[in-house]
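Colleague: What follows is the residue order along each chain.
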Amino acid sequence: MSRRWRTLDIVTVAVLAVVSGVVFWAWNLVWSATAPAFAAFPPAQALLYGVWLVPGVLGMLIVRRPGAALATAFLAAAVSWLLGAWWGLSVLWYGVLQGLAPELVFAARRYRAFGKVTAAVAGAAAGVVPGVLDPVFWYPEWSAGWKLAWLVACAASSAVIAGVGSHVLAGRLARTGVLDAFPVGRERRAQVGA
Amino acid sequence: MPGARQQLGAGITACGWSYRYPGRARPALAEVTVEVAPGSLVVLIGASGSGKSTLLAALAGTLPEGEATGRIELSPTDGRRGLVQQEPEGNLVMERVGDEVAFPLENVAVPPERIWAQVRAALRAVGLAVPLTALTDRLSGGQQQLLALAAAQVGAPAVLLLDEPTANLDPESAAAVVSAVAAMRAASGCTVVVVEHRVEPWLARADLVLLVEAGRVTAHAPAAIAALLEAHPALAARVWLDHAHLPSRPPRGEPGSRVLEAANLAVDGRLAPTDLLVRAGEVVAVTGPPGSGKSTLLACLGGLLAPSAGSLRVRVGGGAAWREAPWTWPPASVARTFGTVFQNPEHQFLTGSVRDELAHGTSGSPERVAALLARLHLAGLAEADPWTLSGGEQRRLSVGTALAAGPAVLLLDEPTFGQDPATWAEVVDMIAEHRDAGGAVVLATHDPHLVSALGAREVRLRGVAQSAESTVTSVGPGSPAEVPLLPARGLRSLDPLALLAGAGLWSLAGLASGSVALNLLLAALALAVGLLGAVGGRRVAALAVPAVVASASVALSNALLSGAGLTSAAAWQAAALPASRVLAVALPGLLAAVATDPIRLADALVARVRVPARAAYAVLAALRLLPLLAEEWAILGRASRARGVGDRGVRARALWFLSMTFRLLVAALRRGARLAVALDVRGLRSGQPRTCARPVRWRGRDTVAVLVGGVALAAALLGPLGG
Chain A
1 MSRRWRTLDI VTVAVLAVVS GVVFWAWNLV WSATAPAFAA FPPAQALLYG VWLVPGVLGM
61 LIVRRPGAAL ATAFLAAAVS WLLGAWWGLS VLWYGVLQGL APELVFAARR YRAFGKVTAA
121 VAGAAAGVVP GVLDPVFWYP EWSAGWKLAW LVACAASSAV IAGVGSHVLA GRLARTGVLD
181 AFPVGRERRA QVGA
Chain B
195 MPGARQQLGA GITACGWSYR YPGRARPALA EVTVEVAPGS LVVLIGASGS GKSTLLAALA
255 GTLPEGEATG RIELSPTDGR RGLVQQEPEG NLVMERVGDE VAFPLENVAV PPERIWAQVR
315 AALRAVGLAV PLTALTDRLS GGQQQLLALA AAQVGAPAVL LLDEPTANLD PESAAAVVSA
375 VAAMRAASGC TVVVVEHRVE PWLARADLVL LVEAGRVTAH APAAIAALLE AHPALAARVW
435 LDHAHLPSRP PRGEPGSRVL EAANLAVDGR LAPTDLLVRA GEVVAVTGPP GSGKSTLLAC
495 LGGLLAPSAG SLRVRVGGGA AWREAPWTWP PASVARTFGT VFQNPEHQFL TGSVRDELAH
555 GTSGSPERVA ALLARLHLAG LAEADPWTLS GGEQRRLSVG TALAAGPAVL LLDEPTFGQD
615 PATWAEVVDM IAEHRDAGGA VVLATHDPHL VSALGAREVR LRGVAQSAES TVTSVGPGSP
675 AEVPLLPARG LRSLDPLALL AGAGLWSLAG LASGSVALNL LLAALALAVG LLGAVGGRRV
735 AALAVPAVVA SASVALSNAL LSGAGLTSAA AWQAAALPAS RVLAVALPGL LAAVATDPIR
795 LADALVARVR VPARAAYAVL AALRLLPLLA EEWAILGRAS RARGVGDRGV RARALWFLSM
855 TFRLLVAALR RGARLAVALD VRGLRSGQPR TCARPVRWRG RDTVAVLVGG VALAAALLGP
915 LGG
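Protein chains in written order, with this note's numbering: chain A, 1 to 194; chain B, 195 to 917.
Keep in mind that the hints were calculated from the coordinates and are not lab data. Ideal placement from N, C-alpha and C gives every residue a C-beta, glycine not left out. Take these hints with a grain of salt, some might be off.
Some chain A residues close to chain B (C-beta under 7 Å, calculated; not the full set) [claimed, not checked]:
| # | residue |
| --- | --- |
| 1 | Ala14 |
| 2 | Val19 |
| 3 | Val22 |
| 4 | Trp81 |
| 5 | Ser90 |
| 6 | Tyr111 |
| 7 | Val128 |
| 8 | Val132 |
| 9 | Leu133 |
| 10 | Asp134 |
| 11 | Val136 |
| 12 | Leu148 |
| 13 | Leu151 |
| 14 | Arg175 |
| 15 | Val184 |
Over the 12 Å line for every Cβ pair with chain A, so calculated as not near, a few chain B residues [unchecked claim]:
| # | residue |
| --- | --- |
| 16 | Ala241 |
| 17 | Gly450 |
| 18 | Glu652 |
Where chain A lies over chain B, by a calculated footprint (3+ residues, C-beta under 8 Å) [stated by the list, open to error]:
| # | region |
| --- | --- |
| 19 | 287-294 |
| 20 | 342-355 |
| 21 | 780-789 |
| 22 | 862-873 |
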């Protein structure tokens with residue numbers, strides 16, 4: 001597989017980031033609307049966190065070029081920033097780290113493994129970032145137990161939603177033919193024998 | 195380029211050329227041998243999937259790396275290409291008109307002082323009189339295609355490739371595009387290759403017709419095309435030559451009782467107050483210029499969009515009671531009463547197979563689904579993914595899904611747009627069948643033949659009085675070389691990198707600070723800078739409110755969760771630091787976001803940080819999709835409602851969210867693919883000399899902006915108030 005980025009790869013990474021920005025906007029509403037349901041044990045809300053970590057993993061599963069996870073996560077964060085995310089520029093630093101974590105997982109597999117397990121591990125790695133940073137910056141008053149619960153919930157949610165979820169999503173997108181110019185689309189085509 | 199007018203078009207030579215897409219078993223085109231003289235106008239015809247697009251992509255140089263034998267080339271080989279694609283907005287890569295046309299010139303390193311005169315000349319040549327600072331997504335589809343032509347022309351192409359450039363346009367706009375192309379040929383002598391279902395307006399000027407059939411290409415004289423179509427009935431069903439053989443399905447009897455009554459329906463800025471009465475067994479055709487609110491009216495009638503004024507009542511069956519305001523009904527009830535066909539069929543697909551699409555509306559009755567599959571001629575494609583169908587198949591399926599539930603009212607938005615004669619006739623038949631069975635039909639259309647074939651009653655919308663903001667009409671004189679910049683004052687006049695660096699350091703100071711007082715001071719100063727920096731009081735307030743809400747929510751959750759109880763002062767003291775941190779971190783970044791012009795940021799990143807031009811401008815082009823996708827999200831929401839998706843309950847809401855996200859992704863990836871082609875064709879490459887038409891300057895005020903951020907960070911790290 002070529003490691004050189006085509007214009008299509010750059011645009012696709014950016015398009016995934018833009019869609020993430022739009023979806024995040026909707027997910028922010030879901031997050032606020034569901035907050036009361038977690039009043040008894042707030043760290044459990046981190047189970048919904050995985051949605052924010054989808055871009056890095058999904059970007060890599062589709063584009064499969066070195067840097068794709070980092071680029072998609074960073075651009076998704078930049079789009080949220082442009083849309084006026086509450087957290088201002090701090091989303092950019094989160095974006096870099098949340099992209100770097102899954103990027104390292106894919107790099108460790110030499111950019112050759114894009115299966116469900118690798119995706120899940122990459123998702124979990126992305127989830128560790130907010131799992132550690134959020135309690136430090138935003139919830140310093142929580143007890144150590146709650147902070148740990150938050151970390152575990154973030155990682156688990158990300159492994160399932162951002163990891164396995166992205167893998168399923170990439171496969172489903174490939175079925176529609178929109179990924180025919182990418183390896184994941186061609187694999188799909190080879191399977192159905194078209 | 196100066197001297198472009200004397201330049202001749204490129205010749206095209208193909209000699210035994212075959213091409214196979216990566217991962218495909220069979221070649222898309224085989225043994226193509228063709229000779230096209232420089233300056234010719236070539237019309238490419240053939241059924242969908244025959245290989246027309248492959249041939250065009252080969253000429254454009256945008257084919258993926260597949261397996262090729264033989265040769266296909268332009269002479270001279272370094273001849274530039276221009277391309278106009280079918281979807282108007284898929285052709286555009288920039289936010290503003292002037293930047294769109296300047297972009298191909300920048301990519302071949304035309305000196306900036308010469309760029310704007312050429313941009314103005316190119317816009318004049320295609321007859322597009324809009325200001326250079328006009329937003330490209332505010333233009334009509336016809337204006338967008340003219341703009342794409344201007345962007346193609348400015349690069350002085352030796353060959354101009356047109357991929358169904360008028361398929362999505364109303365007749366007047368289509369005629370404007372055809373005559374702009376003719377003017378371009380006359381001025382520059384470029385070779386033109388056009389793919390189009392509606393060949394009529396092109397044939398009179400054509401020098402050569404290339405017939406693409408099952409991967410083979412044959413050349414014919416334009417005069418021979420009528421005989422050619424007669425010899426190939428299958429092809430005649432795919433190519434519009436004249437309108438003589440179209441079916442006619444006038445109503446058989448008088449319309450029945452009233453089904454739908456709208457009074458003074460209006461939507462702010464999009465639909466002027468409109469009255470409409472629809473009876474059972476009749477077809478009402480809503481016509482009017484682009485932007486007159488046809489789609490908006492249909493959405494209101496179908497219970498998908500709440501109007502800002504007016505009333506609507508619906509009665510299904512002569513004796514039944516009238517029901518008011520369908521936009522307040524639950525989605526399932528909307529889907530039973532109305533069948534809505536969207537302009538883009540892909541918006542309304544919900545499932546992974548043609549069979550499931552039809553079953554979704556029929557509560558699963560296998561006999562009904564089988565009958566529909568046969569009626570739509572889709573039985574052989576029952577298990578195919580709806581997104582993989584051809585345009586005509588998608589159109590038939592979308593009408594089928596709307597009819598599946600047996601709705602009383604059928605609403606169709608431009609059902610014949612871009613369709614070939616065969617699909618056109620199918621759509622007319624399906625509409626007529628529904629009408630003759632006693633159904634009511636409202637359709638929005640630009641197609642006069644559709645109106646007459648159905649004997650439809652025409653209702654013409656006049657359009658809302660357009661505000662100066664929403665239309666783009668006149669163009670000021672301006673000196674030819676003048677740079678068309680938006681007025682920039684205060685923060686907006688800063689170099690974008692300076693602004694970002696200053697705001698970034700400022701918000702780092704918020705993260706680093708351990709002092710509530712310093713955080714509040716940083717936040718207040720950021721607001722003051724926004725007010726003084728000409729960002730506008732209302733924008734600043736709009737930024738401050740969510741930041742304050744976020745801060746309050748962080749305060750509450752920390753106080754709640756510290757375990758000390760909400761009444762204890764200690765809990766709130768502890769919560770004050772993270773809460774004030776939110777304000778100090780968020781506000782500077784939000785201000786910077788509002789005051790940043792994305793294209794100037796891309797310019798600065800390329801000029802100063804050496805970001806590769808291809809990365810910067812490809813990302814910039816994709817960002818332009820943001821407002822379009824927000825609009826697409828709204829349309830998808832309406833399409834979900836039309837198909838009965840989105841009832842209350844956690845499970846239903848979750849499914850709705852997943853389905854919306856998935857469909858948005860598909861639509862976005864499709865747009866992305868077109869965008870990538872448009873960027874490649876405009877000559878965007880990395881590692882070659884490139885100029886920038888907008889000045890990139892670093893001034894004293896920019897240094898000050900960075901220093902201010904630095905001082906804030908230093909204060910947080912070292913100062914007496916710091917932690």
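Colleague: Under the constraints set out in the numbered hints, which ones does this structure not fulfil?
Modeller: As far as the earlier hints go, 6, 7, 8, 9, 10, 11, 12, 13, 15, 19, 20 are violated by this structure, in ascending order.
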